[in-house]
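Asks: Spelled out from the first residue to the last, the chains are:
Protein chains: 4
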Amino acid sequence: MIVVMQSGCAQADVDHVVGLIRELGLTDHVIVGTDRTVVAAIGDKRGVDMSALETSPMVDRIVPILAPYKVASREVKKEPSVIPIGTGGAAVGGQKVAVIAGPCSVENEKQLMAVAAAVKSAGAVGLRGGAFKPRTNPYDFQGLGEAGLKLLAKARSETGLAIVTEVMSIDQVDLVAEYADVLQIGTRNMHNFNLLIAAGRTEKPVMLKRGWSATLQEFLLAAEYIMSEGNQNVILCERGIRTHESYVRNTLPLAIIPAIKRESHLPIVVDPSQGTGHAYMVPAMSRAAIAAGADGLMIEVHPDPEHALTDGAQSITPAGFGDLMKDIRSISGAVGRSS
Amino acid sequence: MIVVMQSGCAQADVDHVVGLIRELGLTDHVIVGTDRTVVAAIGDKRGVDMSALETSPMVDRIVPILAPYKVASREVKKEPSVIPIGTGGAAVGGQKVAVIAGPCSVENEKQLMAVAAAVKSAGAVGLRGGAFKPRTNPYDFQGLGEAGLKLLAKARSETGLAIVTEVMSIDQVDLVAEYADVLQIGTRNMHNFNLLIAAGRTEKPVMLKRGWSATLQEFLLAAEYIMSEGNQNVILCERGIRTHESYVRNTLPLAIIPAIKRESHLPIVVDPSQGTGHAYMVPAMSRAAIAAGADGLMIEVHPDPEHALTDGAQSITPAGFGDLMKDIRSISGAVGRSS
Amino acid sequence: MIVVMQSGCAQADVDHVVGLIRELGLTDHVIVGTDRTVVAAIGDKRGVDMSALETSPMVDRIVPILAPYKVASREVKKEPSVIPIGTGGAAVGGQKVAVIAGPCSVENEKQLMAVAAAVKSAGAVGLRGGAFKPRTNPYDFQGLGEAGLKLLAKARSETGLAIVTEVMSIDQVDLVAEYADVLQIGTRNMHNFNLLIAAGRTEKPVMLKRGWSATLQEFLLAAEYIMSEGNQNVILCERGIRTHESYVRNTLPLAIIPAIKRESHLPIVVDPSQGTGHAYMVPAMSRAAIAAGADGLMIEVHPDPEHALTDGAQSITPAGFGDLMKDIRSISGAVGRSS
Amino acid sequence: MIVVMQSGCAQADVDHVVGLIRELGLTDHVIVGTDRTVVAAIGDKRGVDMSALETSPMVDRIVPILAPYKVASREVKKEPSVIPIGTGGAAVGGQKVAVIAGPCSVENEKQLMAVAAAVKSAGAVGLRGGAFKPRTNPYDFQGLGEAGLKLLAKARSETGLAIVTEVMSIDQVDLVAEYADVLQIGTRNMHNFNLLIAAGRTEKPVMLKRGWSATLQEFLLAAEYIMSEGNQNVILCERGIRTHESYVRNTLPLAIIPAIKRESHLPIVVDPSQGTGHAYMVPAMSRAAIAAGADGLMIEVHPDPEHALTDGAQSITPAGFGDLMKDIRSISGAVGRSS
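Protein chains in written order, with our numbering: chain A, 8 to 346; chain B, 8 to 346; chain C, 8 to 346; chain D, 8 to 346.
Bear in mind the hints are in silico, worked out from the structure with no lab data behind them. Please note: incorrect hints may appear among the correct ones.
Note that identical chains are pooled: a pair holds if it fits in a single copy or bridges any two copies.
Unchecked claim - Distance condition first, Cα-Cα at most 30 Å in a straight line; then the derived DSSO-like pairs of lysine-lysine:
#, residue 1, residue 2
1, Lys85, Lys161
2, Lys85, Lys333
3, Lys77, Lys157
4, Lys333, Lys127
5, Lys52, Lys117
6, Lys127, Lys161
7, Lys333, Lys103
8, Lys161, Lys52
9, Lys77, Lys333
10, Lys157, Lys117
11, Lys85, Lys211
12, Lys52, Lys103
13, Lys77, Lys52
14, Lys127, Lys77
15, Lys77, Lys161
16, Lys161, Lys103
17, Lys161, Lys333
18, Lys77, Lys117
19, Lys84, Lys157
20, Lys84, Lys127
Let the sequences and hints guide you as you build the complete structure.
Replies: See below:
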C-alpha cells in the first residue's frame, strides 16, 4: 500500500500515518518527493481495510499494491487450470474449446430433448438449461424447478452431454448438485457471498458469471470465495456489462480474456447470447471470443425462438447452431486449438 | 407493445407478426407509415416475453409501452406511502425527513453504544449497523452475526432508535427479523430474488438498496417482488451506481428522486456514504439529497474512522454528524419539511 | 510516479526500470516488499509519457502520483477564484449564487426579449442562448449565427444581463467574443484543444462544460489548456455524464462539486437542464446543486417549450422559472449564500 | 414517432397532442389500449425536434420510430461500400481485410521510415502516424505539424503505403488533405461538427473514430454530417468506449461490428491499440475484431515503445507486428477473407 500525502502536509501528519502503519504490523517507508511525500507500507495484510487511512489528516489517497485475491491468481499457480466437466471426458481450459449450448429455460421434455440431440450432434460438449430462473419480473416464468432438473438428467443419459444449470439460492445447492455436472452462479448472484460459499463446499465445478458491473478484481474475488472453501474448480464466464450502449442488451468486453489469462490460472468462457441480447449478433461474437482466446462458449439454442418462454430474442435455432459450430471450428483451428 | 417492422417488409411478414400477437391473446393494430410499418399489440400481458418477436422475419425491434411493475406504481396507488419504522413513532415518507445513522459494522458494545447515543442526541430516528456483512473479499471482517444483532437490540432499548440492519441470505431472514425493525437488502442482493421473496413474507419493513447497475425499472421490479408476497412496506434506497468516474467510489444520481416520485408511491432515501465512498463528500451530498426531495438519509458514523473495521474511508465522526444534522435541518426547512 | 513490478521479477528487471527513470532525469527509489518490488520515481516531469514504462519487462503497472494539471489546482492557488461576468457587477464563485437562464437557441427577437425580461425580473444575472448550435443531427436547426448574436447583444442592452453563448469553432471565436460576455465551450468540444487554445487567447471568461465521459482530471486539464494561454477566467460547468441510466438523458453527478472544490480554485456551476434532459426534474436538481455547493446554475427557459426549435423537452417556462428562483433563494440561504 | 400518454389522461390531452402532430404536417393515429393511449405520428420529419412534445400535458414519453440518419443507412444503399485508399490499389470494405499500422506520433525520420518499411513488409496497406496530436495534457508533446506530414509523404513514396493521419481543426484540413490519403477524425472530435463539415468538403476519404461515449446513432449521424456535404467515402473506426472497467483504458465493444453491418453500408475498422490501452492485449483483440467481421485494423507500432513520445503503453514492436500479421491472415482465412 502507498499512502499519498497532500501537498503541504506537516511532519506530524506523516508521523501519524507512520504510526497507523506500524500499528497494523506493517513496515513503513517514507519517500519525500519534490511535490509530494508518499509513505509505503510493506507487508501483506490483505484482510485489513487500509482505505480508512484516507480519512487521516492531510492524506490525499491510498494506492493498493497487492491484488486482494490469492488462490485464484497466477502468482500462486502458474499453469492454467483445466476443469473436467461431466463424465464424458470433456474439460474447460485445455487445448479443446468447450462449447456448451441449450435453451435458456427447460420448458418441457420435447423441447429439451430436441435441443440436446441437436447440439450434441453439432459438437457441443455441455448442455445448458435453466430449471430455476432468476427473473427480473416477478410475473414472468420462473422455471420448472426439480422437474426441470430431472429432464436435464434424462438429456444427459441420452446424449452424454455435461449438464450446466443455475443455482439461485443456498437452499437449492444440494438439490442442483445432485443432478447437475456444473453449478452455474448467475450474474445477479456474483456478489451473493453466502451462495458462493455454499457452492464452494460442494464437489461440483462452478461456472461463475461476472456481475453486470463487477470489476475484474471483484470477479476474481468471487472466485476466491468459492476456492477458499476448498473447491478449486471454478470456470469464469464473461457475459457482458452494463454501459451506455443501447444497440445491445449488454456490452461484451472481450479484452477481459487476455486480462484474466495474465492475472489468473482459471479458464474463462464467454456467453455471447446474454452478452449481446440479440440472436443476430451471436455468431460474430462467438467467433470473436474464440479468436481472443476464450476457453469455451455458452450459447442459447431454442427450436422455436419466437415462442420461447425466456430469452427468445437472443436464442439461435439448432440449424443456426450447426452453422455456427463450423465457424467455431475454423477459428479454433486458426488459433491452434480444436473444438 | 409496438412491433417496428424493417423497411421493405412484405405483407406476409406483417401477417406473421399479427398472427403471433393474436396467439398471445392481444389485439393487433397495424399502422402503415411513410417509411415504416408498425404493429401495435393492445392488452396487458406483463408476464409474457414479447421481446422474442424481435426474431421474427423483418422485425426491426420491439418497444414496450406498459411499465412491467404494478403494485409499486403510482398508477395503482396515487398517494405517497408512509412507512412506520420501529416503535418510537418514526416513519419514512412523511413530512419529516428520516435520518438513519450508525456504523458500517457493529464492532463491539462500546463502539455501538457510543454512536447510538450520539446520533440519537443529534436527531437521528434510526440506527444502522451491520451484523452480517457482505464483503467483496473473503478475507475481510464478516461481521459479528447474532452477537451483533443482540447489541443492536440493546442499543434500541437504550435509545429508542429504530434498528436497520442487513440480511444477506434466506437462512438469516427469521433471525434478523427477530431483532431488527427494518430489514435491509443490500445493493449486491437487489437481484437475489429468493431473498426478496423471503423478505416479502415477513412483516418487517424492507429497506431495498438499488443495485450498482440496476435500471429504475429493475429497481421497482425488485420492490414488486417483495410487495407481491404481501409486504407493502418497502423503502427504496439510492446508494450510487457504477460509472467511469474515479474520484468517487460510486456515482450518486440524485435525479432518481424526482423520477421515483413520478413513477411510484414508495418513499426513497439516499445513502451518501456508500454513494460517494469518501467522508469529505458526505455533507454536501446529504444536503443535496434532501434538497432534491429525498425522504431520508442513511449515513455511516464511526467514533474513530481510521480504525473502523469496514468502510472507514466514508465514515464521518459523531461530531461531524452533529454539524451535518444542523445543515439537514436548514435544508429540510427550505423545502418545507422538518427533520 | 510509482512503478509496480510483477512478482518474481529479477534484479535486472528492476535495474532496467531504474535506468529508464534516471534517463528521464528523475531520482529512483526502490522498495522491496514482501510480495512485490516497487520503484518510486521522484521529480516533476508532468509532460513526459511515463506510462510507456508499463511495456518494460516484468512491469505490472504505473501509478502516477502528481496530478497532471498545475494552474487549475488548489496547490498553486489556495483561495477560490471569483470570475466577474458582464458589466453589471455579476460574478461567479463568490458569496452569491449566479443564475444564468434563457432559451436553448435564440429563435427570434420576440422569443428572446420575452425570456430575457422574465428571467431578469425573476433574479437571473446572466442570459444564455445559442446562436451557433452543435446539433447531433445535420438536418436539425443549426442556429441563427451572427443574427442571433446581435439579438443577444440587444437583450443585454435592454436588461443588463451578462450574455453567455456558445462558440463551436476556432473561426467563430473573434465574432462571438465581440458580442458575448462569456464564451461557452460545450460538452462536445471539451476535448477540442484548438478551440480551448483559441478561447484562452481572448480576454473573455470561458464557461467550460464537462465532456460526456470526461474524467475529473481531463476536465481540469481542459481548463489548464485555456489557462496556460493566459486566460485565468474559467468557469467549470457540470452538465451530466453518459451512463447506463435511461430515465434521464444524462446522469448528473453532483459529487463533482465537493471534488472540484478540493482539487481546484475554479468556480463550478451546474446545468440541470442538459444534466437530466427532462423539464420535470429541473427544479429538484437545481435545488440539489445549490445545496451541494454549486456556485451557479445554467437553466433553459422557453416561453413555449412545446414549440421550441431545440431542447423543448428540458425547458421550463418563465412562470416555472419564477417559482424555481424562490426555491433557489431558500436553499441558498440555508447554505449561507444569497442568490 | 409514437407519443405514449400517461394513464388517466383526458380526451382533451389526446386532442392537444393530435393538434400538435397536425401542426407539424404529420398524420395522427390514435390507439386506445387497455391501460394506455398512444398516438402515432406518421410521416418523415427527421429535422424536427419532436421530443418537445414530452412537455405536453399528460404525455409520458416519446418513442422515435425512424432512424435519424439517411445516407449512411442500409435502407438507402443496400450493398456495402468499398472505399479505395491511396494510389496503390488498397481499399477498405472489400474482401480483403485492410491493416493500417504505424506509430502513434511521427517523431523523426528514422523512426518513421523504420516502422513504415517494417509494416509494409509484414503486409500492411496503410501507414498511420500523427503529425497533429490531440493531447489531453497541454504540457505533452503536440506533434511535429507540417514537418511530420512531409515525413509521412516521404514514407509513402518509399513504401507505397496509404497515409492515414489526423486532422484536429478546420484550419488544418487543407494542409493535411494535401499530404494525406485518408483524413482521420479522432474520438475527441467526433462531435466537432464544423470539422466534420470541413472534411466532408474535401475529396479525401475520412476515417471517423467513434466518440468515447457516442451511441451507435450518434456515430452514424457524425458520418451523415460528412456525407451530406458530398463526401461519401467514410470509414468508421471503433476505438473503445468509457465504462467502469479499469483493467483497460477503454472497453472495446466488438458487437458494434454486426450492428453497423445491419444498419449501414459503410465499412468499419477497429483500433485495438486505443481500444485497450495495453500492448499485451493488442494481438488478442486484433484477432477478435477480424473474427467478428471488421473490415480492417488500425494498429500502433513503435520500434522502441519504452521511449515512445506518446502511447508507448499500447504500442507493439515491428517484430510483434510481424507475428500478429500471421495470426490476422489465419483468422481472415477462417472467415473467408484475405489480408
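Asks: All hints are to be evaluated individually against the structure, with a verdict given for each.
Replies: Against the structure, the hints:
1. Neither within a single protomer nor between protomers do lysine 85 and lysine 161 lie at most 30 Å apart by alpha-carbon distance, with minima of 38 Å and 47 Å respectively.
2. Within a single copy, lysine 85 and lysine 333 get their C-alpha atoms only as close as 33 Å, which misses the 30 Å cut-off; across copies the closest is 27 Å, which meets it.
3. Taking the shortest alpha-carbon separations for lysine 77 and lysine 157, neither the intra-copy value of 37 Å nor the inter-copy value of 34 Å comes in at or below 30 Å.
4. For the homomeric pair lysine 333 and lysine 127, the shortest alpha-carbon distance inside one copy (14 Å) is at most 30 Å, but the shortest distance between copies (33 Å) is not.
5. For the homomeric pair lysine 52 and lysine 117, the shortest alpha-carbon distance between copies (26 Å) is at most 30 Å, but the shortest distance inside one copy (55 Å) is not.
6. In this assembly of identical chains, the alpha carbons of lysine 127 and lysine 161 lie at most 30 Å apart only when taken from the same copy (14 Å versus 58 Å across copies).
7. For a Cα distance limit of 30 Å, the shortest separation of lysine 333 from lysine 103 qualifies both inside one copy, at 15 Å, and across copies, at 21 Å.
8. Taking CA atoms no more than 30 Å apart as the test, lysine 161 paired with lysine 52 passes in neither setting, with 49 Å inside one copy and 33 Å between copies.
9. Taking the shortest Cα distances, lysine 77 and lysine 333 never come within 30 Å of each other, neither inside one copy (39 Å) nor across copies (36 Å).
10. Proximity of lysine 157 to lysine 117 under the C-alpha cut-off of 30 Å is restricted to the intra-copy arrangement: shortest distance 13 Å within a copy versus 53 Å between copies.
11. With identical chains, the CA atoms of lysine 85 and lysine 211 are at most 30 Å apart within one copy only, with a shortest distance of 23 Å there and 50 Å across copies.
12. Taking the closest pair of Cα atoms, lysine 52 and lysine 103 never come within 30 Å of each other, the shortest separation being 39 Å inside a single copy and 44 Å across copies.
13. Taking the shortest Cα distances, lysine 77 and lysine 52 sit within 30 Å of each other inside one copy (12 Å), while across copies they are farther apart (35 Å).
14. Taking identical chains as interchangeable, the C-alpha atoms of lysine 127 and lysine 77 are never at most 30 Å apart, the minima being 37 Å within one chain and 42 Å between chains.
15. When the C-alpha separation of lysine 77 and lysine 161 is checked against a cutoff of 30 Å, the pair qualifies neither within a copy, at 39 Å, nor between copies, at 39 Å.
16. In this homomeric assembly, lysine 161 and lysine 103 come within 30 Å of each other (Cα to Cα) only inside a single copy, at 26 Å, whereas the closest approach across copies is 48 Å.
17. With identical chains, the CA atoms of lysine 161 and lysine 333 are at most 30 Å apart within one copy only, with a shortest distance of 27 Å there and 45 Å across copies.
18. Proximity of lysine 77 and lysine 117 under a CA criterion of 30 Å is satisfied in neither setting, with 45 Å inside one chain copy and 34 Å between copies.
19. In the homo-oligomer, the alpha carbons of lysine 84 and lysine 157 never lie at most 30 Å apart, since the shortest distance is 37 Å inside one protomer and 43 Å across protomers.
20. For the homomeric pair lysine 84 and lysine 127, neither the shortest alpha-carbon distance inside one copy (33 Å) nor that between copies (41 Å) is at most 30 Å.
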